[in-house]
Every structure is written in C-alpha cells, then in structure tokens.
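**Student:** Assemble the whole structure, with the sequences as input and the hints as a guide.
So the sequence lines, in the order shown, correspond to chains X and B. Under this note's numbering, think of the first position of the first sequence as 1, with each following residue one higher. Under this note's numbering, think of the first position of the second sequence as 1, with each following residue one higher.
Quick caveat, the hints were computed from the structure, so don't treat them as lab data. A couple of the hints might just be wrong.
Cβ-Cβ distance ranges computed for the label pairs, FRET-style [to be verified]:
(1) LYS9/B - SER26/X: 34 to 44 Å
(2) GLU69/B - SER107/X: 40 to 50 Å
(3) GLY16/X - SER67/B: 23 to 33 Å
(4) THR80/X - THR79/B: 36 to 46 Å
(5) PRO8/X - GLY98/B: 24 to 34 Å
(6) PRO39/X - GLU15/B: 44 to 54 Å
(7) GLY98/B - THR20/X: 22 to 32 Å
(8) GLY16/X - GLN41/B: 23 to 33 Å
(9) THR79/B - GLY16/X: 14 to 24 Å
(10) GLU104/B - THR79/X: 28 to 38 Å
(11) ALA61/B - GLY16/X: 25 to 35 Å
(12) THR77/B - GLN14/X: 28 to 38 Å
Every residue gets a Cβ at the ideal spot worked out from N, C-alpha and C, and that includes glycine.
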Amino acid sequence: GIQVEQSPPDLILQEGANSTLRCNFSDSVNNLQWFHQNPWGQLINLFYIPSGTKQNGRLSATTVATERYSLLYISSSQTTDSGVYFCAVEGETSYDKVIFGPGTSLSVIP
Amino acid sequence: DGGITQSPKYLFRKEGQNVTLSCEQNLNHDAMYWYRQDPGQGLRLIYYSQIVNDFQKGDIAEGYSVSREKKESFPLTVTSAQKNPTAFYLCASRRVTGELFFGEGSRLTVL
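**Tutor:** Given below as structure tokens:
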C-alpha cells in the first residue's frame, strides 16, 4: 500500500518564526488533508488539498501531486500552534482507505 | 449541531473483557472510520465502512470487530484477543468530496 512520510519528526521554534513541514507519499493520491492535533488529542482540519495551493490566515499549504509531496507553511508562529501536524492521504488505487503519516511534533516557545 | 460523538471519553476495563466504543454522526456521511493512536505515535487504521452493512479491514484489524447497521452509527468492539488494547481511539466520518472529520476520541485503559 501507499507509504506516507513526514519531516521533520520534531521541531522547536521561537514564537514569531516561520516553518515548513513536509509530507511525502509513495504513490498517486486521490486526496490529501492536513490536520493539527492539539494537546488534548483533538484533530482539527487545516486543509483539504489534493493539489494546488491554499491559504488560511498564517497557514498555507501546497500539494504537488505529480511529484508526490505536500508542504504546510506556518508563518509568525504562536504558542497555540504547538501540537502534532499530520498529513493523511487516500491512495489512487485504495478507494476510501485513508492513512496517516507519522506526524511532525511542533513546539513553539515564547 | 452537526458532528461526530464518541462515547465514553474515558474507559477502564479489566484484562480479558470485551469493550464497545460508540461512534455516532449526524453529518449524513456514508463513510466512517476507526483509528488507533498510541502515545507519541501516528494514527493507524483499524476498520472503515463505505456504506451501511459493509466494512473493510484496515491495517491493524486483528482483535477488533465493527458493525454498520445504521448510517449514523459505527461501533467498535475491542475484544479480549487484542493483545495491547490500551490506546486512544478516534472515529471519523468522511464527506463525499473526501474531507475527513473526527470525534473527540475515547481513551481506553486496560488494567
């Protein structure tokens, strides 16, 4: 089945810094989502982005499906951005089967 | 409000007992999912259902069972055959366009 990798695994930022998180996948995908898991375990939808670029406030995401990767940009980071960021994909040949990458754990310090 | 409700939020059980976790959605989504998360780890797919009365094994189905008798409901049973059942369990449903939405999770501790 499709494999999903995320990098870096851990990231520590000073408040106000920018960062880029990466998601690589081993096969073509039908769709891709980015999530933020807060310290209480809740998963929050950030972007549904099978291709192209989207922006929402300080966050933006780009998926280059032909090259099998997606990037999540966080600008002017805040302490509330801390948590784990996951990408999730549905492989083109695995209809409805959605699997997650291992995540990037982000800590933003004041 | 529309959403996904998981219950209970916290559950303690003795080893060897079966446990059923509830997941209900009122979003009118066809597809529903169960994931398991261990501390410091990602989400692993247990089972998913694309439609009523049908479901598929995910990557770690052994020791778990599900049913899908109603569109709104997708309960997960953690059986005594599951060797390490202590974990955080997350239920999700999926919009037809592909976006996944999650409940708040159930934390199971087996003593």
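**Student:** Can the suggested window of 24 to 34 Å be confirmed for the beta-carbon pair PRO8/X and GLY98/B?
**Tutor:** Given about 27 Å between the Cβ atoms, the range holds.
**Student:** Given a hint of 22 to 32 Å, does the C-beta separation of GLY98/B and THR20/X actually sit inside it?
**Tutor:** Holds, since GLY98/B and THR20/X (Cβ atoms, about 24 Å apart) stay within the stated range.
**Student:** Indicate whether the distance between the beta carbons of PRO39/X and GLU15/B respects the range 44 to 54 Å.
**Tutor:** violated (29 Å)
**Student:** Do the beta carbons of THR79/B and GLY16/X sit within 14 to 24 Å of each other?
**Tutor:** violated (49 Å)
**Student:** Determine whether the Cβ-Cβ distance between GLY16/X and SER67/B falls within the hinted range of 23 to 33 Å.
**Tutor:** violated (50 Å)
**Student:** Lying within 28 to 38 Å: is that true of the beta-carbon distance THR77/B to GLN14/X?
**Tutor:** With a Cβ separation near 46 Å, THR77/B and GLN14/X fall outside 28 to 38 Å, so the hint is violated.
**Student:** Taking 28 to 38 Å as the stated bounds, is the beta-carbon spacing between GLU104/B and THR79/X within them?
**Tutor:** This hint is violated: roughly 22 Å between Cβ atoms.
**Student:** CB of GLU69/B to CB of SER107/X, is that within 40 to 50 Å?
**Tutor:** With Cβ atoms ~43 Å apart, the hint holds.
**Student:** Return holds or violated for the Cβ distance of ALA61/B and GLY16/X against the range 25 to 35 Å.
**Tutor:** Violated, since ALA61/B and GLY16/X (Cβ atoms, about 45 Å apart) do not stay within the stated range.
**Student:** Given the range 34 to 44 Å, decide if the beta-carbon distance of LYS9/B to SER26/X lies inside it.
**Tutor:** Given range 34 to 44 Å: holds, Cβ gap about 35 Å.
**Student:** GLY16/X and GLN41/B, beta-carbon distance inside 23 to 33 Å?
**Tutor:** holds (30 Å)
**Student:** Does the beta carbon distance between THR80/X and THR79/B stay inside 36 to 46 Å, or does it fall outside?
**Tutor:** holds (39 Å)
In this structure, the earlier hints numbered 3, 6, 9, 10, 11 and 12 are contradicted, and the remaining ones agree with it.
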